[in-house]
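*Asks:* Each chain is listed here by its residues.
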Amino acid sequence: MTDPTRRQAPATAPPTTAPTTTALRAMGAKGASRSKRPRALGWLHVPLWLGYVFLYLPIAVVVVMSFNASRNLFVWRGFSLDWYVSLFQNRAMLEGLGNTLIVAASVTAISTALGTLLAVGIHRYTRGGLIRAFSIAPALLPDLLLGIGLLSFYALVSFTLGLHSIIIAHSVFATAFVTAIVLARISGLDSSLEEASRDLGASPVRTFIRVTLPQLAPGIVAGALLAFTLSLDEFVIAFFTAAPTTPTLPIVIYSTVRFGVTPEVNALATLLLLVSIVTILVAQRLTKIGSAKEPQ
Amino acid sequence: MTASSAHPITPATPETRAAAGQHAPAAHGDPLLRVDHVTAQYGSVVAVDDVTIDIAENEFFALLGPSGCGKTTLLRAIAGFESPVAGDIRLDGSSLLGVPPHKRPVNLMFQSYALFGHLNVEKNIAYGLEAERLSRTEIRTRVGEIIEIIGLGELAKRRPAQLSGGQRQRVALARALVKRPRLLLLDEPLSALDRKVREEMQLELKRLQHEAGMTFVVVTHDQEEAMSMADRIAVLNRGRLEQLDTPVSLYRRPASRFVASFIGSANLLDGTATASGIDLPGHGEIAVAHEVAAGRPATLVLRTEDLTLAPAESGSTGVFTGTVLDATFLGGSSTIAVEVPGLAQPVRATVHAATTVRRGDRVALAFDHATASVVADDRSDGQAVGAPR
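Chains as they are written, first to last, in the working numbering: chain X, 5 to 300; chain D, -17 to 371.
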């Protein structure tokens, strides 16, 4: 006898079409890997943890050194929060942070709205893979290409540079990421849900708001958070499209670092790391809530 | 599970109230739903081919056929999710074509149930009423009513993911019924359930349909399901209507070879029609009244339970004489396969209880000629024989 409750597979299939950024990979792996897997041989733990060390040792060094009392980057002189204090007294840094937050928030709003609509449209009205590939391509294109392309375009149409030009530039690739994530979510949905809503008397608009959006919500939120973190630390494109008067935080850091790395940068990196980790964890959690099996 | 008949789901419209309770036959005035020469296509593939069906008020109607026969397409066309390329669909005399799905007084219960995962049971059921912009109190009363009738009381606050298959099916049914549709369409309503629950739900659906005084149209590929639930059945094959009749008539008087083979178990013996019967190759003529033109390829339909069995040497004159190939005891009955010289396939007979015949025995098979029927052999030309009534 088959268990009828089994029929509803977890709705969040790993986003196969999504670009393989580490964040996405972390999200995609969630769904499948929870099942009982045969215990690996003991020695296989060694390469596993070596891999993690390779990935996270540099980050750990930055975090640890941000609490270093010494000005010298390579010598530990005891614990101190001095660099965090001086970071918050650094005007250029704070201004950069302000710009970055404005850009990231705007980019999140624009790319989430556009990406969601794009994904719904692609799912509903197209069949071929080519148009999908084109919608996701900006996420995969080299940043350099996008940066140069956008700069030449702005010059061509005599567009003034400033925060708005960075927002538009970042929205280009962030939209592609949101589209990819929402598309992955959409293709796992039962298409008869929308029909059921229509059948029960809901107009197309009501159906979109009351059924389609709630069903897509986990994907949309995950996409929004990803867009936010991507924009937060994006350097190359921002460097091309920012006006000299409106540098974002990565640009400020870059110009600081050119005159030697101060532990202040370590403190800033640690804070950014914290924001990114929290965002990714929240995204993961929300994606999980939306799937068929809810924590009960 | 059980429900009191104190809460009948009376359809809302005055006309329905007037008609409720009396089993209106199709011939009586206008039908509730008329599917009028409907043809539907997917690209160049004709899914529904010139089908005409009338469905009466309060009828439990089944669309039966193998997968790909067009039954679901027809159902979806009635619900408004497919547009026929030709023909008309009229409900209460007015055409439904051009009316979008959300404005049709028809509800569909989806095969996948299509429950909204982000809403609990109660809100799933209330969804359709909220779309009608009814008052909160009315919504609450009607949802409460239906929850009691369907027996979902203790599950009202659960999410669909926390329900079993049978419970989901009930929620889907409640969500459609609470709308008090003129016509309830059910797409393979029981296919996702295991056998025991399925049998329970067959009775339950019939009871609900009767109590609600509503018209049900159920799509199924399971002939037993259709036979046990429906008042009338339309058998579809390759997009065409093969036959439309009551379960008993379909079984006793199949209009085509396809219907005979699809419904129940029968011996199908192919031959050529003659004026007064059928000529079976290697056997000779058997007299059975029929309407197939003489000289046409035809098939003799013999239900396995209509055949009686006697030892060949007892002197009884059977129609067929042959050797027992196999005798299988099934509990309540036994099936016996007999090889008859001249016939391509062994003839199968069903007898009550255990049988004494064994493999290798010589037996004679007899049948009452009134129980047999001869239908045109429609396999080669694919023509539908059953004309819509």
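Please note that a few of the clues may not be correct.
Said to hold, decoys possible - Okay, the calculated beta carbon distance ranges per label pair: (1) D:H19 - X:V209: 28 to 38 angstroms; (2) D:D176 - X:A117: 53 to 63 angstroms; (3) D:E127 - X:L59: 58 to 68 angstroms.
Unchecked claim - If we take Cβ atoms under 7 angstroms as the criterion, some of the chain X residues that face chain D in the derived model are: (4) D147; (5) A200; (6) Q288; (7) R289.
Worth flagging that the hints you see were computed from the coordinates, not collected in a lab.
Positions of the beta carbon are idealized from the N, C-alpha and C atoms, including for glycine.
*Asks:* Next step is simple, just say for each hint if it's right about the structure.
*Replies:* Tested hints:
1. D:H19 - X:V209: 28 to 38 angstroms: holds, 35 angstroms
2. D:D176 - X:A117: 53 to 63 angstroms: violated, 45 angstroms
3. D:E127 - X:L59: 58 to 68 angstroms: holds, 59 angstroms
4. D147: violated, 37 angstroms
5. A200: Because about 4 angstroms separates A200 of chain X from the closest Cβ in chain D, which is inside the 7 angstroms limit, the hint holds.
6. Q288: With Cβ-Cβ at 19 angstroms, over 7 angstroms, it is violated.
7. R289: Constraint on R289 of chain X not satisfied, violated at 16 angstroms.
Hint check: violations occur at hints 2, 4, 6 and 7; the rest are consistent with the structure.
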